[in-house]
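What follows is the residue order along each chain.
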Amino acid sequence: MSVITYRQALRDTLRAEMHRDENVFAMGEEIGVFEGSYKITEGLLKEFGERRVRDTPIAEEGFVGAAIGASMLGLRPVVEVMTINFSLLALDQIVNHAAKIYGMFGGQNSVPMVIRTPGGGGQQLGATHSQNIELYYSFVPGLKVIAPSTPADAAAMLRAAIRDNDPVLLLENLGLYNSKGEVPDDDDSVAEIGRAAVTREGNDITIIGYSRMAMIASQVAENLADEGINAEVIDLRSLRPLDRETIVESVSKTGSAVVAEDDWLTYGIGAEIAATIQEGAFDWLDAPVRRVAMAEVPLPYAKPLETAALPSAESLTTAVHETLRAVGRRVG
Amino acid sequence: MSVITYRQALRDTLRAEMHRDENVFAMGEEIGVFEGSYKITEGLLKEFGERRVRDTPIAEEGFVGAAIGASMLGLRPVVEVMTINFSLLALDQIVNHAAKIYGMFGGQNSVPMVIRTPGGGGQQLGATHSQNIELYYSFVPGLKVIAPSTPADAAAMLRAAIRDNDPVLLLENLGLYNSKGEVPDDDDSVAEIGRAAVTREGNDITIIGYSRMAMIASQVAENLADEGINAEVIDLRSLRPLDRETIVESVSKTGSAVVAEDDWLTYGIGAEIAATIQEGAFDWLDAPVRRVAMAEVPLPYAKPLETAALPSAESLTTAVHETLRAVGRRVG
Amino acid sequence: MADTAKSKSGGARGNGGRRRSRKDTAPTIASEQPATLLDYYRRMLLIRRFEERTAQAYTQARIGGYCHLNLGEEATIVGLMTALHERDYLFTNYREHGYAVAKGISARGVMAELYGRSTGVSKGWGGSMHMFDTEVRLLGGYGIVGGQLPLATGAALAVSYRGGDEVVMCQMGDGTTNIGAFHESLNIASLWDLPIVFVVINNYTGMGTTVERASAEPELYKRGSAYRVEGVRADGRDVLAVRDAATDLTERARSEQRPFLLETMSYRMKGHSVVDPAKYRTKEEAEEARSNDPVAKFESELEAAGVLTEDAKKEIQDSVRAEVNDAAEFAENSPHPDVSTLFDYTYATPVANESRRMPADPVFAE
Amino acid sequence: MADTAKSKSGGARGNGGRRRSRKDTAPTIASEQPATLLDYYRRMLLIRRFEERTAQAYTQARIGGYCHLNLGEEATIVGLMTALHERDYLFTNYREHGYAVAKGISARGVMAELYGRSTGVSKGWGGSMHMFDTEVRLLGGYGIVGGQLPLATGAALAVSYRGGDEVVMCQMGDGTTNIGAFHESLNIASLWDLPIVFVVINNYTGMGTTVERASAEPELYKRGSAYRVEGVRADGRDVLAVRDAATDLTERARSEQRPFLLETMSYRMKGHSVVDPAKYRTKEEAEEARSNDPVAKFESELEAAGVLTEDAKKEIQDSVRAEVNDAAEFAENSPHPDVSTLFDYTYATPVANESRRMPADPVFAE
Ligand SMILES: Cc1ncc(C[n+]2csc(CCOP(=O)(O)OP(=O)(O)O)c2C)c(N)n1
Ligand SMILES: Cc1ncc(C[n+]2csc(CCOP(=O)(O)OP(=O)(O)O)c2C)c(N)n1
Ligand SMILES: [Mg+2]
Ligand SMILES: [Mg+2]
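Residue numbers (this note's numbering), protein chains in the order written: chain W, 63 to 394; chain S, 63 to 394; chain R, 114 to 479; chain C, 114 to 479.
A hint or two may mislead.
Stated by the list, open to error - Among the chain W residues that face chain R by a calculated CB cut under 10 Å, a handful are:
{"no.": "1", "residue": "Ile163"}
{"no.": "2", "residue": "Gly204"}
{"no.": "3", "residue": "Asp250"}
As the list claims (entries may be wrong) - Beyond 12 Å from chain W on every Cβ pair, some chain C residues (computed):
{"no.": "4", "residue": "Lys236"}
{"no.": "5", "residue": "Met242"}
{"no.": "6", "residue": "Glu248"}
{"no.": "7", "residue": "Val249"}
{"no.": "8", "residue": "Asp287"}
{"no.": "9", "residue": "Gly293"}
{"no.": "10", "residue": "Thr360"}
{"no.": "11", "residue": "Ser386"}
{"no.": "12", "residue": "Glu401"}
{"no.": "13", "residue": "Ala409"}
{"no.": "14", "residue": "Ser432"}
{"no.": "15", "residue": "Glu436"}
{"no.": "16", "residue": "His449"}
{"no.": "17", "residue": "Pro472"}
Since the hints were made in silico from the structure, they are not lab data. For every residue, glycine included, the Cβ atom is placed at its ideal position computed from N, Cα and C.
The task is simple: from the sequences and hints, build the whole structure.
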């Protein structure tokens, strides 16, 4: 075990996979000479050379599509899209091609590629650079979407994504790159795509999050413990497929739930979680499932506005308190 | 009143608006010489000429973006995107530009444009040409998304969209173009964006749909009446903003609901409807909200597979029956 | 670059859409092996009859969805496919029935796909726009205009990455040269020295929009100049001209490891798809098309040259008709895919919690 | 077309990224009005000092987000803005502080926007990448690479639709010429004869990727050839050369109602953004940049020509410094936007059931 950052976990894993398999290579904007906008690929160009660490022109549709085509011939490209906001330019290639090729042609050709891309607001990047649109991928059959919230998961999930034969989008988050955690040394374990994790056991209420909000959820749960509230925390980890059993099982035990998400509320990821709970745990639910999400506005640049619009430990705590009150429990 | 098709209602309204306001013009692929892939713009080039009925190159990002830019200077373009599947190529312009310009620049410049585009499967067009991805727009603050299900609504809503100062996406459906209905003659009424409609009153259960599925829902409700089941039907009409009050009010009365949607179930439009109901009508809900939606696969071409994968009157009826049984009512 | 681009027979187009092929610069029938010429004729005729039968089956509702035919592009297709080696890869748009047959897929497999049967080359999942066969290396049939360009570029990247000697051919229509993917793909292919030949089938229109009304540089082969990609134009209604131009470029792509752009000039003889009456066409245009029908023209040229005898003609026509009839019968008698297979092709690697819900099913099966 | 494209001073670039301006063909200081030259100098210096102050404020955390500076592009900006009339429209990318000031927005308004205050030109909603002012007709400041091109093309369409005589200028970086929007926009602008000048600020790199490693045709002004759009290259570190090239093209766009492409050759003197140390740059490159600093060079040229006296220089430097200090103070003392305004700018036309939920609020307020 060593304690490393989420960034380091991604870099070490990508590097190890490139050593393990000659078919694995990295491509994306500014990942080589510039060493990555967020430095995930630092040092890789020097180590592997231009053939396997490719700086692309600014052409998201073109280079993501090229990665899909290369994967059709058996290569295993790991594409970095600088931020998920820019992935909109490649959406046709991802949704109408990567996600369709296996099924549309009757299962003749798989698309073993990985797209790594960070979401996340809170950096004062303004309306077009602060979005959380993982929904666009999580909605699409044929794609797999995973969202690690810890360095250990980042490593095990990137490994799983690279070895999987389907197009996998690995959601990162600007707010997680510097977060630290224990990661097993020269580990080769592969996470199972499609499984959520109960990261904290509890009986009072279930808090469900993913990516950055899974981290926030754990922090909130720790603080709630000091108030004597014993929250169970679920890190979704996989947005597609979605692990409904784990969610429903937990809520059937706790009787109430709050979803914490970084995207917009209406039609956001949390909507499916709430819909799933009301259908799967209907008879055990003591209060409506609440969702804590971003205010529905183009995110402003000004700090006070941005801060107010984003979900936080405080807003999550408030929603938990109100939900517990709704089930008739006395809280702070 | 005259009985005309949904297609005719769109054409008559667009034509009338172009006569009413010199700033209104149409652009899109093959809308002029070819008179529209689905003939909505038939005759308009002859009547208005190339200045106001513009055939564009095949360049969705370019011409949708050009419409946004033209609207920034006060024109009111009505853009046809041949099918919503192709709109993915223009998504960056719609989501990162049309939806952001008003807010990101502090409310200085509005974007009074309309995007008309049909969704819909069932035509054996295969995985890339049969998608229902209105979710991608309904999720985005700054956009307005409306989905008329009748010729009368098509007319009143297109009129509203053209006169609105924000970017409005008007969702059409391949399965609705030939449907007929009464439309008031030389009408100038404007639909209110953001309002759902109770298209049939009932006390036993609420069926919620939009676009083609709102039409199916009405048909199903009529048949259910023969069995003595009195269903209330809600046509959402506006996906963004979403009229939650109307939904919750109805379910608070009926005690149960089924959502009928043409898109994929997981993270689909219906998820928000179910999440809204469990939060807003929690104490009145006697059974879980069920969703009838497309099977989660890249839609196959072969007819038997396509038919099996799509929601229908039959599947909706089944879900209604099962829901009523769940609330302890004896049904056929 | 535009100035270095050589214009092969075909030349520039007049505004009326007429085009003349400068036969003096074109390869001659005389200099070819009779057997070779008859083979081309047979393959061109097969595409012609296949598409006529497809149109018939479509109007009889045996085929659904959109249906775009290659009528008028037979010489182009045979010329292009003759230039490719078996190991070379092909990506096309949705107007690809003829390519599928010419690249080596059986008429049965293509027709069965059109009928949506499980014996179809894409198991009935793809239909008219989505022919695919790993064996013969036709890597699709794509319905999104321009969608195949980045994919084909990526395939060429894989070839280059492995130091292979295959070439990728990426077919597209004239209208497709105006979409962003064209720009991004040609730039990447040139920047990375990829072995790929982009072929623009200039059939004079998109759906109803002419090249002149869609492309600010209507001499499409010149568009390679923005990427230092050499462009060539050939007469798409002359199978020999297409074959020679395509062979030259594919072999140069192979040896020089560079991308090239080939534009072939032809004419769509029917509407955009089977259901399009093409009212927007002038009489002159339709007449020009008829009088320059590439199959009829080649036929009479071969007859005039004494290469195609009455007997040979009858033999070929009969065998082609037989092959097409057999394909239609095969398709007609093939089974529809079973509904139980609906969830078989969502993922290649099985995954936990994948949804296998039918529309009426609850989220949680009892 | 490429072959007709005239190369103004600036010439072709060597692979080391050095460039020499052929002064013989460039306009001379001698032939200009001293007052004009001093005005250019003042405006270039204002941008220089403004950006230096911006960098300082950013490192002091008074400014957040990304922050891209115009250091090294002062001559380009002043030359371009001099060519525009007040009624002409400007669209830029995110590297636009200098353009905002030069187009006529007060230094106060721009600095306050950088500080995220409600007195900012975009009311604090946009920040560094999103300057916008309807009055001076700077229609944004866009952070998505290439995003401004279709918008600017549409603005030119509106002008043409109304028969107006305004011109639209659309600025972009060299790396932006590789994205699909570039292709689609130039094609549409040429096809529809729109009055727009696309300006490529060739500062030799994207973030760290050089033009040669990103564009298969690195002489970017030649890329107009694929759309029959005339391209011109000018020395971006020579304010007079840029002014003349830009004036020529904007006036031709106005009178001929045609699009044009202008490439200006300059060099980014610092990292891609304030936080980028630009380690990937060679000593030679940095040295070349310093020795060709457009502001310093113009200053010494004016001094040598006797146009810029010691007194004049002091006066200008003092007033520029004063203006920048005033802007910073103004920004510092301006109010932050009030949280109660969070939902004020989602829609221009009020609409029923719009969500005004804060993160902790339930969907249904009690
Ligand atoms: C991105 C996209 N936009 C629009 C369409 C609709 N469409 C199908 S074919 C076609 C015309 C294509 O013309 P061309 O590239 O010349 O090919 P051709 O049909 O002439 O072979 C259009 C606009 C599409 N399939 N994809
Ligand atoms: C679509 C998109 N992709 C990637 C980025 C990230 N990005 C921001 S600036 C930049 C480089 C742009 O280079 P250039 O066009 O030369 O402009 P410059 O910064 O040199 O002025 C990149 C890749 C982005 N903002 N948008
Ligand atoms: Mg064509
Ligand atoms: Mg640059």
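Verification of the supplied hints:
no. : hint   : result
1   : Ile163 : 7 Å, holds
2   : Gly204 : 6 Å, holds
3   : Asp250 : 18 Å, violated
4   : Lys236 : 8 Å, violated
5   : Met242 : 6 Å, violated
6   : Glu248 : 20 Å, holds
7   : Val249 : 20 Å, holds
8   : Asp287 : 10 Å, violated
9   : Gly293 : 6 Å, violated
10  : Thr360 : 30 Å, holds
11  : Ser386 : 10 Å, violated
12  : Glu401 : 18 Å, holds
13  : Ala409 : 28 Å, holds
14  : Ser432 : 30 Å, holds
15  : Glu436 : 24 Å, holds
16  : His449 : 5 Å, violated
17  : Pro472 : 4 Å, violated
Checked against the numbered hints given earlier, the structure breaks hints 3, 4, 5, 8, 9, 11, 16, 17 and satisfies all the rest.
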